[in-house]
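Residue numbers (this note's numbering), protein chains in the order written: chain A, 1350 to 1688; chain B, 236 to 579; chain C, 116 to 376.
In short, the hints are calculated from the structure, not lab data. All of these numbers come straight from a predicted model, not from anything done at the bench. Any given hint could turn out to be false.
[To be verified] The calculated SDA-like cross-link candidates involving lysine to any residue, where the alpha carbons are at most 20 Å apart (straight line), are:
1) B:400 <-> A:1525
2) B:489 <-> A:1526
3) C:196 <-> A:1578
4) B:432 <-> B:567
5) B:297 <-> B:346
6) B:489 <-> A:1658
7) B:333 <-> B:313
[Stated by the list, open to error] Some, not all, of what chain C presents toward chain A, calculated at C-beta under 8 Å:
8) 142
9) 196
10) 211
11) 215
12) 216
13) 217
14) 228
15) 232
16) 234
17) 240
[What the hints assert, rightly or not] Cβ-Cβ distance ranges computed for the label pairs, FRET-style:
18) B:247 <-> A:1528: 52 to 60 Å
19) B:350 <-> A:1499: 51 to 59 Å
20) B:431 <-> A:1473: 49 to 57 Å
Cβ atoms here follow ideal geometry from the backbone N, Cα and C, with glycine treated the same way.
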Amino acid sequence: MSTVESGATTDRGDAPLERLLQFGRAAVGNPIAGPLGALALAMIFFSFQSEQFLQGPNLSLILQQTVEVGVLAIGQTLIILTAGIDLSCGAVMAFGMIVMTKLAVHSGVPAIPAILLGVLACAAFGLVNGLFVTKVRLPAFIVTLGTFNIAMALVHIYSNEETIANPPSAMTFFGRTFSIGGTDITYAVVLMLALYALFWFVLTQTTWGNHIYAVGNNPEATRLAGIRTDRLLISVYVVAGAIYGLAALLLIARTEVGDPNAGQTDNLDSITAVVLGGTSLFGGRGAVIGTLFGALIVGVFRNGLVLMGVSSVYQILITGILVILAVSVDQLTHRKERG
Amino acid sequence: MRFSRWLVSLMGVLTVSLALLVGLSSARSDAPAQNTATIKVGLITKTDTNPFFVKMKQGAQKQARALGVTLLTAAGKIDGDAATQITAIENMVSAGVKGILITPSNDSVVPAIRKARAKGVLVIALDTPPNPASAVDALFATNNFTAGVLIGKYAKVLFKGKTPKIAMLDLFPGPSVGYLRHNGFLSGFGVAGITQKDSTKYKTSPDVVCSADTSGDQAKGQTAMETCLQKSPDINLVYTINEPAAAGAYTALKNAGKAGKVTVVSVDGGCAGVRNVKAGVIAATSQQYPLKMASRGVQAVVNYAKTGKKVSGYTDTGVNLITAKPVAGVPSKGLAFGLANCWG
Amino acid sequence: MSAQPESSSTVEPLFQALGIVKRFGHVTALSGADFDLYPGEVLAVIGDNGAGKSTLIKVLSGALQPDEGEIRLDGEAVTFKTPLDARRAGIETVYQDLAVAPALDIASNLFLGRELRRGGPLGQVLRMLDKRAMRKEATRALAELNIGVQSVRAAVQDLSGGQRQGVAVARAAAWGRRVVIMDEPTAALGVKETAQVVELIKRVRERGLPVILISHDMPHVFELADRIHIMRLGKRAAVVTPQSHTMQEAVAIMTGATAAA
Chain A
1350 MSTVESGATT DRGDAPLERL LQFGRAAVGN PIAGPLGALA LAMIFFSFQS EQFLQGPNLS
1410 LILQQTVEVG VLAIGQTLII LTAGIDLSCG AVMAFGMIVM TKLAVHSGVP AIPAILLGVL
1470 ACAAFGLVNG LFVTKVRLPA FIVTLGTFNI AMALVHIYSN EETIANPPSA MTFFGRTFSI
1530 GGTDITYAVV LMLALYALFW FVLTQTTWGN HIYAVGNNPE ATRLAGIRTD RLLISVYVVA
1590 GAIYGLAALL LIARTEVGDP NAGQTDNLDS ITAVVLGGTS LFGGRGAVIG TLFGALIVGV
1650 FRNGLVLMGV SSVYQILITG ILVILAVSVD QLTHRKERG
Chain B
236 MRFSRWLVSL MGVLTVSLAL LVGLSSARSD APAQNTATIK VGLITKTDTN PFFVKMKQGA
296 QKQARALGVT LLTAAGKIDG DAATQITAIE NMVSAGVKGI LITPSNDSVV PAIRKARAKG
356 VLVIALDTPP NPASAVDALF ATNNFTAGVL IGKYAKVLFK GKTPKIAMLD LFPGPSVGYL
416 RHNGFLSGFG VAGITQKDST KYKTSPDVVC SADTSGDQAK GQTAMETCLQ KSPDINLVYT
476 INEPAAAGAY TALKNAGKAG KVTVVSVDGG CAGVRNVKAG VIAATSQQYP LKMASRGVQA
536 VVNYAKTGKK VSGYTDTGVN LITAKPVAGV PSKGLAFGLA NCWG
Chain C
116 MSAQPESSST VEPLFQALGI VKRFGHVTAL SGADFDLYPG EVLAVIGDNG AGKSTLIKVL
176 SGALQPDEGE IRLDGEAVTF KTPLDARRAG IETVYQDLAV APALDIASNL FLGRELRRGG
236 PLGQVLRMLD KRAMRKEATR ALAELNIGVQ SVRAAVQDLS GGQRQGVAVA RAAAWGRRVV
296 IMDEPTAALG VKETAQVVEL IKRVRERGLP VILISHDMPH VFELADRIHI MRLGKRAAVV
356 TPQSHTMQEA VAIMTGATAA A
């Protein structure tokens, strides 16, 4: 009865050569490889089509233009990893923008408390989403569709349809620029990259991050492992809400107004970024850095097509094709899981 | 489980109370001055949140009160929500309206409109014609082509003797308003061979060095202007689809150190936009009058109810060029007029 | 082979249930069921569908609470309100569907819910995982049971059915301090992989952990079990051994063809 599989278990992974080989294998099989490759290809393509494309100022612009959806998509990634989805993110961000600017400009609240209250308001929406998903057990799609409408209505009621101008300078801090090698970059871009680095760390190196992947991959197993899945999911939605609040601040910094019409299509745009980044809509699989590449791919196309003078209809067409490609690649390479 | 039930019951109580509150308050606001059997008029807008439609509704309510008729209102939940509009048409017809004023979300409302007209209800489209235009009895709207022409003519005089480098900041593919204003601007600016019939494609000219879409949104307007400046740093004239896009474009120009050196023109005439003309952000804007569309519409329905005579065809509700710096040969109105007649 | 005597008056049962009654509405799933598990043995629980064996196992693992009756561990009465209580008492369960997260790697699955954290502030404040330590431990746990995988970094979904079962068993064996319960471990496996799992169960027993094995696979039950607990009509119909009864006789008791021995 010696039918045991190929020998004893080893973890040879820590020897240097093994590590290199593993890195190579992982790089190709890594979920990020696809989006990074697509981004690189897109950039190469556009650099041939337009000589302004690859210039420092233009690349800096693309980064700045990506911040809004890029930051929202971090929260969306967290939620999609748990096999949920958030349709309310753009509207909640707009709500945060209005709360922050209205408090500061019309009610005379100092900038920092106004910002904190705005972030808190967005986190509160996240709490509502989390509670209804876990305690009432409604699908996230439906819950966040509801909060999307509620947030949108609150935005219009509270702002009275007015764009609020002249926010205090503390709120526009992240719009300020500094120079790297002759190119100007806003602090908002730096914050976005820092947030991606932070959540890369949290998702791959901490227990909370590990549990997020587990609950998205097999919620029942996670529950049986003794993890409080309800609390976990609620915390994910709340953290995502706070991230939307940060996105609101960064958008105020960029546009210098509180705009009640902001972010209306951002829910779909953030989901697009997540999907293009290789994260599975079924949950449990994906890397947050992929989302950054996904958001950049969309930004690169938007920018490149304008520089080329091509009609925007093609941008919409190409985005659609890319999304289907991304989801198909994900499905085909991970068929094992379903059978 | 208990907590979730409590949560759901709370939501239920809140919703019912909210509905009661809203129902009670709206009933009061639309009540006519007289109590005699009144004529009923319906108003259905695309949404309830866009200030343009808010102004339209106010105009209709004011006229309804003045004439002593009952106004029933409805709106889609979001831009493009035709289903709500269709239901509203049917309900209003059952409620006995003599006429319906509607800004159609899209063409799927046409069958419901036809059914209403077959029952003798007068249907007038406001602001946006349906397709085909003959689906409604009449259209009261801004001539969006003319709106574009006005700012185009303004820019032409301003740029006499200079080399124009034009950026076109458009809406998004689809709605005719985007093509009409764009083409009108170019036509007014002097590009030959453009007529009002060109409502489904963008025309262009060698002076146009960049086009980008904005969805009529401030943040996207900023992005579009930034990218266009990358492409052609020497842009000196910017056409924008509406005033939020213009505001965004201005922020981009300011960040590039070009505020005041580039001329921005726009369409709409909302109060925020007119204030931007005053502030020098926008050089000139074509103002339109949603309030007039609605009040004339109510009047037309009342006429029909009293005399049986239907209004038909297209009624231009007018557009005026608003600017603080008039130019020769292009009629315009000043800021005082603009602010007095703005919407939003 | 540490086989236990069929009835022993000298050794106390490690894990016991007395007079368990469990009703679901009008249906009585368990009507006074008894259960004894002795140290170091493999006890197979067999019974036809509806005999009550899944219900009994769920009561023993804390997934269900009995309406009447008592559970004893080491002679002391215990109550399990949730599966976690049972786990804390040292009873680990390998579920029929394995309850693993397929996309996560072997080490993560082994430590799911019980992750090792780095020392100092990195672990306390940032709650940073000590992946190296977990991988090392996982490697050791799998090696102890002679389960062969190339690397504990592999995702569970990339393993064969037998290897996956091995991971689930290794998890239970690594954390289980008193008892390991296995629910139909070979149900979804092929011949070769079933043989591997049988070997695995033997090794768990060799480590001194008693195993409660629910199975339909009679040949393997008779190969592995020290004693066989036969359920019928919500009660323990009989306890036999592979030595005292043949397979056919055991099945006959199971189906009621013959009265309990």
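Chain A contact restraint on residue 215 of chain C - CB to CB distance below 8 Å:
holds (6 Å)
Pairwise hint evaluation, residue 1525 of chain A against residue 400 of chain B, where the allowed Cα distance is 20 Å at most
violated (29 Å)
Is the interface hint satisfied for residue 196 of chain C? The criterion is a beta-carbon contact with chain A at less than 8 Å.
violated (13 Å)
Interface restraint verdict for residue 217 of chain C against chain A (beta-carbon cut-off 8 Å)
Holds, because the Cβ-Cβ distance from residue 217 of chain C to chain A comes to roughly 5 Å (cut-off 8 Å).
Does residue 346 of chain B lie within 20 Å of residue 297 of chain B when you go C-alpha to C-alpha?
violated (30 Å)
Just to be careful, I want the Cα atoms of residue 333 of chain B and residue 313 of chain B compared with a cutoff of 20 Å; is the pair within it?
violated (26 Å)
Hinted pair, alpha-carbon criterion (20 Å max): residue 432 of chain B, residue 567 of chain B. Please report holds or violated.
The given pair, whose Cα atoms are some 25 Å apart, is violated under the 20 Å limit.
So if I understand the rule, the pair passes when the alpha-carbon distance is 20 Å or less; does residue 489 of chain B with residue 1658 of chain A pass?
violated (24 Å)
Assess, step by step, whether the Cα of residue 196 of chain C is no farther than 20 Å from the Cα of residue 1578 of chain A, and give holds or violated.
holds (18 Å)
Regarding the pair residue 489 of chain B and residue 1526 of chain A, is the alpha-carbon distance no greater than 20 Å?
Distance ~14 Å between residue 489 of chain B and residue 1526 of chain A Cα, so the pair holds.
Quick check on the hint: residue 240 of chain C CB to chain A CB, less than 8 Å?
The hint is violated - residue 240 of chain C has no Cβ within 8 Å of chain A, the shortest such distance being about 10 Å.
For the hint on residue 211 of chain C, does the least C-beta distance to chain A fall short of 8 Å?
violated (12 Å)
Hints 1, 4, 5, 6, 7, 8, 9, 10, 16, 17 and 19 from the list above are not met by this structure, while the remaining hints are.
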